[in-house]
Amino acid sequence: MTTGAVASVVPKSHASRWPVFGWFAFLFLIASQITAIAISPPDRDMGDLQKIMYVHVPAAWMTMLSPLAVLYFGLRYLWTRREEDDLLAASSAEVATTFAGLTLALGMIWARPTWGVWWTWDARLTSMLVLFLMLAGYLALRALIDERERRAQWSAVVGVLGALNVPIVYMSVRWWRTIHQIQSSPETVDRAYVVGLRLNAFAMLFVMIYFVRRRYEAALLERMAERAIERAALGQGAAR
Amino acid sequence: MSWRREWRRARAIAWKDLRTERRSKAGFSSVTVLAVTILVLFGFALGPDASVGRDAAPGVIWLAVLFAGVLAFNRCYQIELDGGSLEQLILYPGTRRAIFAGKLLANFVFVALMLLVVVFAGIVLFQVRIPSSWPALVGILAAGTIGLVTLGTFYAAMASRSRAREVLLPLLLFPMLVPVLLAAMEATKALLGGNVMGDAGAWTRLLVAFDVIFLVATFLAFEFVIEV
Amino acid sequence: MTAIGTNDLAIDAENVARRFETTWVLRGVDLRLSAGEVVGLLGANGTGKSTLLRIVATLLRPHAGSVRVFGHDVVRASGDVRSLVGYLAHAPGVYGDLTARENLAFAASMLDRDHAEVDATLERVGLLDVADQTVRVFSSGMQRRLAIGRLLLIRPRLLLLDEPYSNLDTEGVALVNSVIAERVDAGAAALAVVHELAPAASVLDRTLTLADGRLGVTERVDEKTVISLVANDR
Amino acid sequence: MSNWMFVGAAFAATWIALLGYLAHLQRTMRRSRDLFERATKAGNR
Numbered sequence: 000m001t002t003g004a005v006a007s008v009v010p011k012s013h014a015s016r017w018p019v020f021g022w023f024a025f026l027f028l029i030a031s032q033i034t035a036i037a038i039s040p041p042d043r044d045m046g047d048l049q050k051i052m053y054v055h056v057p058a059a060w061m062t063m064l065s066p067l068a069v070l071y072f073g074l075r076y077l078w079t080r081r082e083e084d085d086l087l088a089a090s091s092a093e094v095a096t097t098f099a100g101l102t103l104a105l106g107m108i109w110a111r112p113t114w115g116v117w118w119t120w121d122a123r124l125t126s127m128l129v130l131f132l133m134l135a136g137y138l139a140l141r142a143l144i145d146e147r148e149r150r151a152q153w154s155a156v157v158g159v160l161g162a163l164n165v166p167i168v169y170m171s172v173r174w175w176r177t178i179h180q181i182q183s184s185p186e187t188v189d190r191a192y193v194v195g196l197r198l199n200a201f202a203m204l205f206v207m208i209y210f211v212r213r214r215y216e217a218a219l220l221e222r223m224a225e226r227a228i229e230r231a232a233l234g235q236g237a238a239r
Numbered sequence: 000m001s002w003r004r005e006w007r008r009a010r011a012i013a014w015k016d017l018r019t020e021r022r023s024k025a026g027f028s029s030v031t032v033l034a035v036t037i038l039v040l041f042g043f044a045l046g047p048d049a050s051v052g053r054d055a056a057p058g059v060i061w062l063a064v065l066f067a068g069v070l071a072f073n074r075c076y077q078i079e080l081d082g083g084s085l086e087q088l089i090l091y092p093g094t095r096r097a098i099f100a101g102k103l104l105a106n107f108v109f110v111a112l113m114l115l116v117v118v119f120a121g122i123v124l125f126q127v128r129i130p131s132s133w134p135a136l137v138g139i140l141a142a143g144t145i146g147l148v149t150l151g152t153f154y155a156a157m158a159s160r161s162r163a164r165e166v167l168l169p170l171l172l173f174p175m176l177v178p179v180l181l182a183a184m185e186a187t188k189a190l191l192g193g194n195v196m197g198d199a200g201a202w203t204r205l206l207v208a209f210d211v212i213f214l215v216a217t218f219l220a221f222e223f224v225i226e227v
Numbered sequence: 000m001t002a003i004g005t006n007d008l009a010i011d012a013e014n015v016a017r018r019f020e021t022t023w024v025l026r027g028v029d030l031r032l033s034a035g036e037v038v039g040l041l042g043a044n045g046t047g048k049s050t051l052l053r054i055v056a057t058l059l060r061p062h063a064g065s066v067r068v069f070g071h072d073v074v075r076a077s078g079d080v081r082s083l084v085g086y087l088a089h090a091p092g093v094y095g096d097l098t099a100r101e102n103l104a105f106a107a108s109m110l111d112r113d114h115a116e117v118d119a120t121l122e123r124v125g126l127l128d129v130a131d132q133t134v135r136v137f138s139s140g141m142q143r144r145l146a147i148g149r150l151l152l153i154r155p156r157l158l159l160l161d162e163p164y165s166n167l168d169t170e171g172v173a174l175v176n177s178v179i180a181e182r183v184d185a186g187a188a189a190l191a192v193v194h195e196l197a198p199a200a201s202v203l204d205r206t207l208t209l210a211d212g213r214l215g216v217t218e219r220v221d222e223k224t225v226i227s228l229v230a231n232d233r
Numbered sequence: 000m001s002n003w004m005f006v007g008a009a010f011a012a013t014w015i016a017l018l019g020y021l022a023h024l025q026r027t028m029r030r031s032r033d034l035f036e037r038a039t040k041a042g043n044r
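Here the protein sequences line up with chains A, B, C and D, keeping their order. Residue numbers for the first sequence, in numbering that gives the first Met the number 0: 0 to 239. Residue numbers for the second sequence, in numbering that gives the first Met the number 0: 0 to 227. Residue numbers for the third sequence, in numbering that gives the first Met the number 0: 0 to 233. Residue numbers for the fourth sequence, in numbering that gives the first Met the number 0: 0 to 44.
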């Protein structure tokens with residue numbers, strides 16, 4: 000029950016630099032998208048479609064990164080039992096689900112012109128879909144449990160096991176697909192393309208960090224409110 | 000904590016679960032009949048064409064076992080919750096892992112027997128030719144069942160004690176079982192297709208690796224689940 | 000009471016608090032119970048009697064404060080506490096599809112006891128003649144006797160009894176009291192949640208009343224007190 | 000020509016998702032802050 004966390008989170012009372020970071024992240028994203036499109040030559044076979052990669056690949060990377068955060072904070076909660084870690088894990092999971100959904104949508108927008116179908120059982124897309132379902136399961140578990148300590152402990156365990164399974168899922172799906180379809184990876188060597196990709200990846204990373212932080216702050220505020228009500232209930236009891 | 004005593008406790012829990020399962024009418028037979036029913040429904044969905052059926056048989060068999068198996072996993076904790084005996088189970092001395100081991104054992108026997116019936120029914124319904132290397136097939140089915148039962152028993156320990164448990168267990172379990180399903184289906188198909196062991200071997204290795212990883216992980220994580 | 004080292008205390012609870020969502024069921028409970036003592040826990044419904052019992056039995060984690068059973072902390076050393084505690088809950092905690100003998104045989108295996116003790120225990124709790132019937136057909140009083148049988152197999156040093164006398168016939172009440180007496184002679188202690196004092200009068204040393212989340216009134220129980228309490232209990 | 004439509008759709012989808020989530024965040028933040036103010040106001044009175 001660290002009261003220290005309260006001071007650092009109430010944005011109004013002290014000039015927290017997080018909103019500034021938020022603006023920076025979004026502006027940086029716009030800038031890197033524009034530069035990527037500007038400097039990248041049309042790809043030999045895919046033409047401009049390749050530009051979709053500037054949003055699809057970073058979103059996919061973030062979708063792979065955020066479950067690691069869920070794993071890290073989940074493990075930390077099991078070790079420290081600090082509620083902050085539980086709330087950070089939950090925030091990361093919610094952001095991860097959003098990015099997973101975005102990645103899937105972009106995957107389909109890319110698949111339509113490239114292969115003429117909205118959905119292909121491409122190895123990466125399919126494992127992204129499984130990851131999305133696992134995250135949905137995690138969020139459903141959290142929604143269905145009311146007792147705070149049990150919810151924190153169980154979601155930490157489900158988060159850890161889920162993250163453990165991500166590489167295995169990817170491997171099994173890739174084996175399952177490579178037997179039937181050549182692995183189509185748009186890795187062209189063009190330097191400008193790689194620079195554009197990396198630039199956008201960092202920008203998306205900053206946006207994700209801002210999202211997790213913002214969601215965490217909201218969750219912590221809610222938790223502090225709960226705790227204040229509890230203390231009040233404790234106080235009234237004694238007074239009576 | 001001597002292993003011998005832990006093993007004795009696990010055996011006692013498995014024995015108790017299986018004895019309860021056999022006594023209660025809604026036990027093994029009804030879940031197995033349900034699995035066969037699901038098989039038949041898939042048969043209708045796939046149509047009477049033998050070659051389609053034969054090709055889809057491994058997948059269909061595993062899906063039938065999975066959907067029916069899920070019912071068994073929640074039930075095995077329901078026995079504890081109904082009589083309020085989960086608390087007494089936790090209060091017995093020794094580590095909580097014996098409880099998980101016992102439940103795991105009982106569920107493995109339950110799902111393995113059901114799988115035998117479903118495989119037999121599947122072979123008949125979908126005219127599947129038994130390959131000469133059928134011992135390998137049994138190995139794959141066993142490894143697949145271990146994966147299914149390990150995660151099923153583990154997640155049921157949480158789902159059985161939360162709201163909407165019938166939805167929560169499949170929602171948590173099925174995405175996690177993708178590697179088991181793919182491996183079991185592909186390995187079975189490779190064997191039934193009589194193709195060289197190479198392919199089935201690779202899938203089997205993945206299956207065994209999955210089983211080992213998640214047996215260790217669930218054993219370590221179980222006390223965090225059962226305690227709170 | 001002479002100053003006893005804390006690890007001789009069967010229960011040493013300090014400032015125990017437990018909340019259910021936003022209502023505090025227990026607000027800072029202090030309780031000391033030494034070996035060989037039998038204490039009755041009184042209090043209206045919903046004042047947290049069962050909650051306190053479950054915290055001492057390591058089934059619930061206290062939200063504040065600490066509890067030590069014979070020197071072992073209920074949270075950090077819950078394993079050691081569990082080997083010392085016998086918890087008789089409201090729910091009998093028996094398996095309906097198993098027979099009485101099978102239930103106790105299961106308990107014996109879990110407690111690493113020899114199965115020979117099972118029949119002796121069944122006889123002691125008066126269930127030997129129905130040993131091979133499934134427990135589902137038992138009355139709640141008979142299921143309670145089976146739970147007491149399990150308690151005997153545990154041979155606990157601390158008995159935590161949640162309304163042990165409810166819907167028991169006179170013979171059942173005598174059984175509960177004889178079990179308590181037997182365990183206390185062997186150096187155990189007992190904390191029993193009771194609503195009426197009469198059945199427990201012969202074994203109770205003192206009572207504590209849980210009110211408003213705290214342990215308040217402490218009264219010594221002797222024949223005179225029981226009669227006065229029972230009088231105004233109607 | 001049609002390729003540009005898909006590229007546009009992809010970028011549009013990205014910004015809809017990001018801004019949509021940002022709006023969700025603002026709403027959640029406002030709700031939590033109200034909860035916090037109401038609780039602390041009631042708490043310390």
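Check the hints yourself; a few may be wrong.
Unchecked claim - Okay, the calculated bits of chain B under chain C, using three or more residues with CB under 8 Å as the criterion:
(1) 12-25
(2) 108-121
(3) 138-147
What the hints assert, rightly or not - Heads up, incomplete: computed chain D residues facing chain A, CB under 7 Å, no partners named:
(4) W3
(5) A12
(6) L24
(7) S31
(8) T39
(9) K40
Claimed, not checked - Pair ranges (Cβ atoms, derived):
(10) D:L21 x C:N44: 27 to 35 Å
(11) B:S29 x D:G7: 30 to 38 Å
(12) D:R37 x A:V19: 41 to 49 Å
Since the hints were derived computationally from the structure, they do not count as laboratory data. Heads up, the beta-carbon is just placed ideally off N, CA and C, and yes, glycines get one too.
Hint by hint, here is what the structure shows:
1. 12-25: Check passed, 7 qualifying residues.
2. 108-121: violated (count 0)
3. 138-147: Contact hint for the stretch 138-147 of chain B vs chain C: violated, 0 residues under 8 Å.
4. W3: 6 Å, holds
5. A12: 5 Å, holds
6. L24: Given a least distance of 5 Å, the restraint on D:L24 holds.
7. S31: 4 Å, holds
8. T39: 5 Å, holds
9. K40: 9 Å, violated
10. D:L21 x C:N44: 27 to 35 Å: With a Cβ separation near 50 Å, D:L21 and C:N44 fall outside 27 to 35 Å, so the hint is violated.
11. B:S29 x D:G7: 30 to 38 Å: Given range 30 to 38 Å: violated, Cβ gap about 56 Å.
12. D:R37 x A:V19: 41 to 49 Å: 28 Å, violated
Violated hints for the displayed structure, listed by number in ascending order: 2, 3, 9, 10, 11, 12.
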